[in-house]
Structures are given as C-alpha cells and as structure tokens.
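Go by the hints and put chain B onto chain A.
Okay, here's what each chain looks like letter by letter:
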Amino acid sequence: MVKVLVIGDASREHAITDAFFRSVHEPRIYAAMSRRNPGITRLSKQSGGDIAIGDINNPEFIVKVAKDFNVDFAFVGPEEPLFHGVADALEELGIPCVGAKRQMALVEMSKAFMRRLMWKYKVPGRLRFKAFKSLETAVAYVNEYAESVAIKPARQAGGKGVKVIADLQVYLSKEKREVKKEHVKAVYEKHMAVYDDIDDKVLIEERVEGPEYTLQVFTDGRHVLPLPAVQDNKNAYEMDIGPETGGMGSISGPGWLLPFLTEEEYRRSVEIIQGVIDALWKETGVRYKGVISGQMMLTALWGPTIIEFYSRFGDPEACNVLPYMEADIVEISEAIIDERLNTIKISFPDIATVVKAVAPKGYPDYRDLAKGHPVRIDEETIRRKGCKVYYGSLDERPDGVVVTAGSRIAEIVAAAPTIPEASNIVEGCIQYVGLLDGWGTFHRSDIGSEVLLRKRIEQAQLIREIYRYRASRGLIGKTIDWIPGKGKIEYEF
Amino acid sequence: MAGIVGIYAFDKLWRMARFTYYSLLALQHRGQESAGLVTCHDEGLIDYKGRGNVDRIFYEEKLTAMTGWMSIGCVDAEVRPNQSIQPIIVSRPIRLAFCMDGKAVNWNRLAVEEGISAESDVEAIAKILSKYIENFGPSEGALKLLEVLSGGYCFIALTERKEMIVARSPSGLKPMVIGSFGFDYGIVASESCAIDVIGAEYKADILPGEVYLFTPYSIERARAPKSKVTYCSFEYVYLARPDSYINDVSVYDARTKIGEVLAEEYPVDGDVIIGVPETAIPFAIAYSNKTKIPLAMGFVRTGPHVRSAIKPTQFERLVGVQLKLNPIKSAIRGKRLILIDDSVVRGNTTKNTVTLMRNKLGVKEVHVRIGSPKIISHCPFGVEVPPEDELIARHLTDEEVAAVVGADSFHWLSVDGLVKAIGFPRNMLCLGCFTGEYPPCHKG
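As they're listed, the protein sequences go chains A and B.
Under my numbering, the first residue of the first sequence carries the number 5, and numbering increases by one thereafter.
Under my numbering, the first residue of the second sequence carries the number 31, and numbering increases by one thereafter.
If you're looking for bench data, these hints aren't it; they were derived computationally from the structure.
Among the hints, a few may not be true.
[Stated by the list, open to error] Label-pair ranges, simulated between beta-carbon atoms:
id	chain 1	residue 1	chain 2	residue 2	range
1	B	K42	A	P488	33 to 43 Å
2	B	K42	A	W123	28 to 38 Å
3	B	E467	A	W260	52 to 62 Å
4	B	S280	A	I350	39 to 49 Å
5	A	E151	B	D72	42 to 52 Å
6	B	S280	A	G404	55 to 65 Å
7	A	P488	B	G364	42 to 52 Å
Note that CB positions come from ideal geometry on N, CA and C, so glycine has one too.
If we strip away everything but chain A, and leave its shape as in the complex, we get (with noise of 0.2 Å):
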C-alpha cells in the first residue's frame, strides 16, 4: 500500500490528487492543505487517507504532516512550499518527495537567477534584462533607457505586479515613462515588499510579442518526460481585454500540439526546457526533482522562448493534461524519485481538452469582494454533460459551509475531437458553478472559440516567417541596433 502526501488546496492539487485517485495502485492519499478544499478532501478521504489542514509553507507543519502520516512519498503542487524549503526539509527526514529543492526552485522564485542562468549556459529562447536592488537606479535606468520593456518583480509574487509596455508612438511616450516609473516603484512598495528572500528587487526585460503557451515535464534532473503544450489565457476578459489573471482557461491539442505551433517549435521548447535542468545540474550539483514548465513564446528573436519558469505545473494547465494522461502518477512518482525516468512512457489520446475557470466577481484585483461567498456546484450535472469539475479557491467552513477564498472557484474541462467541440461542451456546464448569495461570477466565453483560435494561428504564422527570414540571415541570437551618433551594437545572444 503505498501512501502519498499532496500538499496544495487549488484546482491543480484537485487534479493532481485525482490522478492519484485514479492510480492502478490505488494509494492512499493524504492531503496538506491551508484551507480545506473540499474536492480534495473527499478524495483523500474516499483512497482511505486523511488530511491536515495548516500553513503550507512551513516546512515543520509538512514534516510534522508527513511522519504523522507516516507517508513514502509528498508530491508538491504550488510554488510557495517549495520556495520555503519543502521538498529539503522532507528529504532530510528521509521523505522523497516530487517537488523541486528550494535551490531549484529558485528558477522560478527568482527571475534574475533564471536569466543569469540561462546566459551563463547560453540555454537558446534567452532575453536580455536588468536586475536592479536598489529603487533609485531602476527608476534612472527607465528614465534614460526602457522604451517597450516588461517590468517585473525580481521575486515570483504570485503572479502579480507583471506590466508590459510596448512603447513605440513618440507622441505618448512620457505618458507611458511615467506609468513605467509609477510602476517600478510601486513593485518596490508594494509586490516585493514582504519578500525578503531575495536580493534583486524588480526586473526590466524586453518586451517581445507573439502567442503564449506553457510546456510542463516531469523531470529526474536528468531527463525531461514533457507533456502536451497548452495554451493559457491571462486577461480577466473576453477577447483577451482586462486585467491579468492566475488564467481564466487554458486549451491543449488535439494531441500534444496547439494549432498554431509546430511540431518543431515543441521539439525545440523541450530541448530549452532540457537545457536549463542540464544547467541547474551544473551549477549546484543537485538533481531537480518534480515538475518544471517553461511558460513560453513564439518570438521573432528564437521561435520558443522562456518568459518565464515555473518550478510546478501550471494552473488551469494542470487540469488540460492530468485528467487524460495514459499513465501512472504514481509509477512516474517513484521514477522521478529513483533517477529513472527515462523508463517510462506517456501517451496521451488524440484529443483536445479546454478548462475554463469560474471566478468570482472582484477577482482578480478586489480580492476581498470576491471572498467569503457561499458556493454552489452541480458536480453530478457537470459529470453528466461529459465534464470534470476540479475545485478551486474555496474554504469548507466547519458548518459544512463551502466559500470562496478570492480567487478562481473551480476549473471546468472537457475533451472532444476539436479545441471549439471541447470549448462548447464547457460552455454547457458553467452554469452549475455558482454562488449561493446572488453575488456575480464570471468566466471567459471565448476561450477555446474558433474566433480566438484563428488569432493566434494568424499571429503565430507572422511571427514565425519572422523568425525563420532571421534564421536564414544567421540572426537567431543575435540583435543589431544602429544608435545615432553612437554607431553599431551587436548584441550575440
């Protein structure tokens, strides 16, 4: 019998349990959770385990969950645990545990240490960014120098704090100076302001344009055993307007590709992906052991390229991939944990899934509006009309009382042939999440559309014949910017 710890309480940490619920091996699983999810819960509970409900992030709270469930393996879904040392502290106990160390986490914990890393190992899909600690020379560096540039805090933050301007009209040029300006000081003021863990305060990139979307593997440290690409989507709006999200949907297929990228463009995204945990190695000597997914673009600069790292699974994207996956978690748990990845095999059916969340009203920037409302979901409907429903922000009060916690109440997802067949049979089941005191939801139509799908494929056909016009100058990795009155700078890549 074995027994598996899965720390995390969002829709991610629903699939993943579910996965494991799933499993041939029929585990018992335990739960660590901060707020009780109660999809989790009841799968836990329903495999004969358990749950602890407690602070996440402390490493004591996990091990203390750990021995007293007296577990042979945690498997970490979000990034924070792993930031405050999770995964060593469980090892140290002699507990393996599915889940990056917190020096391998810092991939996506710090941006600068990724992007110094990526140079340092010349890992192709780099960007050229600054790193600044102290306010007063990022505010001069903007001044003098940012024109369309994304500004970043140094630190992951939960995903907030993130502005990107591309500035290309000289007429509205110190407009948007001053939002830039406005902006890195309020990354210092306010989105790093409780994070002390790092040096680096904010982060000042290019700016590159072209369709997102996100690769997720399993890794040993030594081999990448990548998952089918998909397609998250940020804006809180449809038709991509409004503020950025954690990610209102996400799409996948059919198969392992999206219908705007290639199966070259994969190839090569996993190989970037390889190159970074071939990197990591290098650099400490440590094997980075879980999931890492390369939150990427198709950019006129390389084709794929890194805009970010996350050391876990993405969310919604978890919920794409896991449901559908024709293999074990817990055979491909243990693999990762016995450097022997290599020996397993995924397969996938050749079909599209869409996930589409359901927020409450207020999320993403009113989170207090958008919390403590009573939820209701018509799992059994949802079911029927050939979906699953994977819980989210969401707190069972001890009165039984299910509420929201302020951010995505549930994720939705279906398969079928084609992305929009997936997308419509989503669409029918939205209207079983809802809240129980008249306060609104709301969730992106148009995720999964054949109107949005078209988009992207036109952007990524432009981008791409960019790229490829570079590539047959020799220009891949490489800028030439002419200043006036300062001459040629080549930057090499």
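This is chain B only, laid out in the frame that chain A set:
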C-alpha cells in the same frame, strides 16, 4: 455624425487624456466642428472641449494636467450650442459624461414622456440614460434605452461611479469597435484607426444591440433583443477612414472593390486617371489596375485635411474643396482624363473642377466617375446631407449632369454595384441616401 472614443484603464497609474486626444485626432474625419474629452479620477469628472479641429482645441499643458484613468472623447460634425458640445455632462440623478454618434429619431417624444427638458438630442438622451441607470442599474439601464430609442447610434457614457457604459443601437447602423492594450486598458471607438493610433490592438466589433459595462472589477456584456441589422453603406463610401475596419470589413478593401466595379460598369478609354483626394484615391487606384490606364497624382493639398462634404456651410465646403484641389498641371495637360471622385452632392464643386481642367489646363476630354450611387435623399441618422431640392442627382439625368458640369461623360456607381463592393447582403445595408428607403429603425 461624430467620432467617439472611450478608454478605461484597469489600474490607476494611467493618465488617459493624451491617449484620448490622439484617438480623437485619428477620428477627426468624422467631425470637424467641435471636439471634447472628459476624464474621470477619484475626484470625479473633468471636461475640456471647444470648437474646431482637435489639434487647435487641446493644449499640451492642459492635457498634461488632466489626470484620470478613464476618459471619453468626441469629435462632432454637427454645429451645437455651447453647452451641448460633446461629451456633455449631466448631473442628476447620476452624474455622467456622455457622447454619441448618430441620431435617435424619437428622442423628443421620449424626453416628454420622461418629463425631461433638454436643448438638444444628446442632452435629452444623456439625461434619460442617467435616469435609467438610477432606476435599473448601468447595464440594464443602457439596454432599456436601446429598446426604446429608435434610430442609428452608438454612445459612450462615463459615470462618476467609475463605470463606462458603451452601447450600439440594435440596428448596428453606426460602427463601433473594441480593443485593448495588454493587461492595462480597454478601448472602444467609432473606428479601429482610433485604436491603432495609440498602439492598442483592435479586437472585435461591438455587436448591434450590444452593451458593454466597464467597472473597476468587471467588464460585462449584455445584448438587447434582436432586431433588423442595417449597416450604414455610406461609411464604406466616404465616412470611415480607409485604414479602419467596419463590421469586420476593411474599408480600404471595400473602396478598391468600388473602383473595380466602377470600371466594370462604366469603362471608358482615356490617357490618365486622377482621383480626387483623399477618399477617391483607392477608387482611382483600383479603376486604374482594372483598366490598365495609368494613374497620376492630380492634386496637391494646401493646409490641413478638410472634409469638405461634412462642412456645414456652402462657403466652408468650397474653401475645403479648393484648398485640397490645386492641380498638378503637367500630369494633366493635353490628356484624355478620367476623373474619379467620391460623391457629388450639389454638383457645383465638380463643375468648378471640370471647368478648371478644361479652361486652364487644356485637357482633351474629361470623363467623371463617381464612387458612390446618386445621393437623392436625406439621412435621418445624422450624416449631413443637404435639403433634397439641392441634390443634383435627384433631379437630373446622367446626361444632364454631364452637361451641367461640362464633362464628356458622367456616371455614378450603381446601388447594386455598391452592395456588391461592400459584400453584405442588400437587406443588411442602409442605402437610404441613395434610394430614399430607410430601415425600420428610422421610424420612432
């Protein structure tokens, strides 16, 4: 007729006044009588407006001083009393700024029913909207207004409660599109060129009967019950900018198609083709490509771009035309000329042009081809068409028009040709100014 824009940032760092200014500059062709913009910030609404062209009304310092991360703006072709220059602000019951393009045909009756006194259509409609918002909420209020207000119009309102309400009449007669800039702001505008100019990305049309409500924590869409959709065909012929998309159709593509159809319908042998700037240039390019007769640059413009057809007085129209029509003599002299223009309303400017060609420049022949059908009727939806007794096409045959203007031949595009060029089924287009038959939304 007017051009309207609304920009809504999702975080307070943005100051949208200058963005609105540039969008209005891009919409200048939709109205040159007055312009205004309103921004909204924590302290409420601030307005800034005046008469004339956008670049003469707005000054650097004042734009810089205007804070506010939400903003709406308008350029207007209609001459209005001072207090009615758009966007107008009404104070009760909900304080809001309001601007619209197009006309509602029954606003007077509605105002009486609602017990509202107003000096103009925009003031009346703004007050009714304010009342409906108070009674039914912003989204439902706007939907209710769409249901009772007949005509062809789009409007944008910005309330002091930091809501931006955008609506397009169920007829879809006037155009309206939506775009965005990354995670930072959303923008709605009469035409996509206003989105392009500030570096934002055009996303889609706002659908006929659709209402968008922007609030600090949501964008909500709602749609009025379906009714007959009739897009304005004159947008494609003359009103819109050629770099815009209207109802998901490229205006430039429609105009080049018009030139091709014109060449099919009325071919003529000649030495050179001249298009009257600006609107007729795509017609002329396509006519030339189709007939293989070379195209030449015929005129050079003096001064700012003036839309002569939408100027309110005859004097201003003539000034507009003459300023944009200084001919390049060497391109024309002694040739058999095919002159392509976008529209002929009264005929006198065409007559001046043809006379100039013959008397001063010594052309051998002048064949006039017009890229729009005969304008024979008024527009109830706010396009400035002169009284019907002034419209040359309503009263004279093509031969008579040719004789009046002094051309060797003279032809208008057929209505069927226009329909074919735009590409929508005929019953989805309002062709009222060409046929005198108006869509159902015309009736109050």
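A quick look at each hint next to the structure:
no. : hint                          : result
1   : B:K42 <-> A:P488: 33 to 43 Å  : 36 Å, holds
2   : B:K42 <-> A:W123: 28 to 38 Å  : 35 Å, holds
3   : B:E467 <-> A:W260: 52 to 62 Å : 56 Å, holds
4   : B:S280 <-> A:I350: 39 to 49 Å : 46 Å, holds
5   : A:E151 <-> B:D72: 42 to 52 Å  : 30 Å, violated
6   : B:S280 <-> A:G404: 55 to 65 Å : 58 Å, holds
7   : A:P488 <-> B:G364: 42 to 52 Å : 47 Å, holds
The structure does not agree with numbered hint 5 stated previously, though it agrees with all others.
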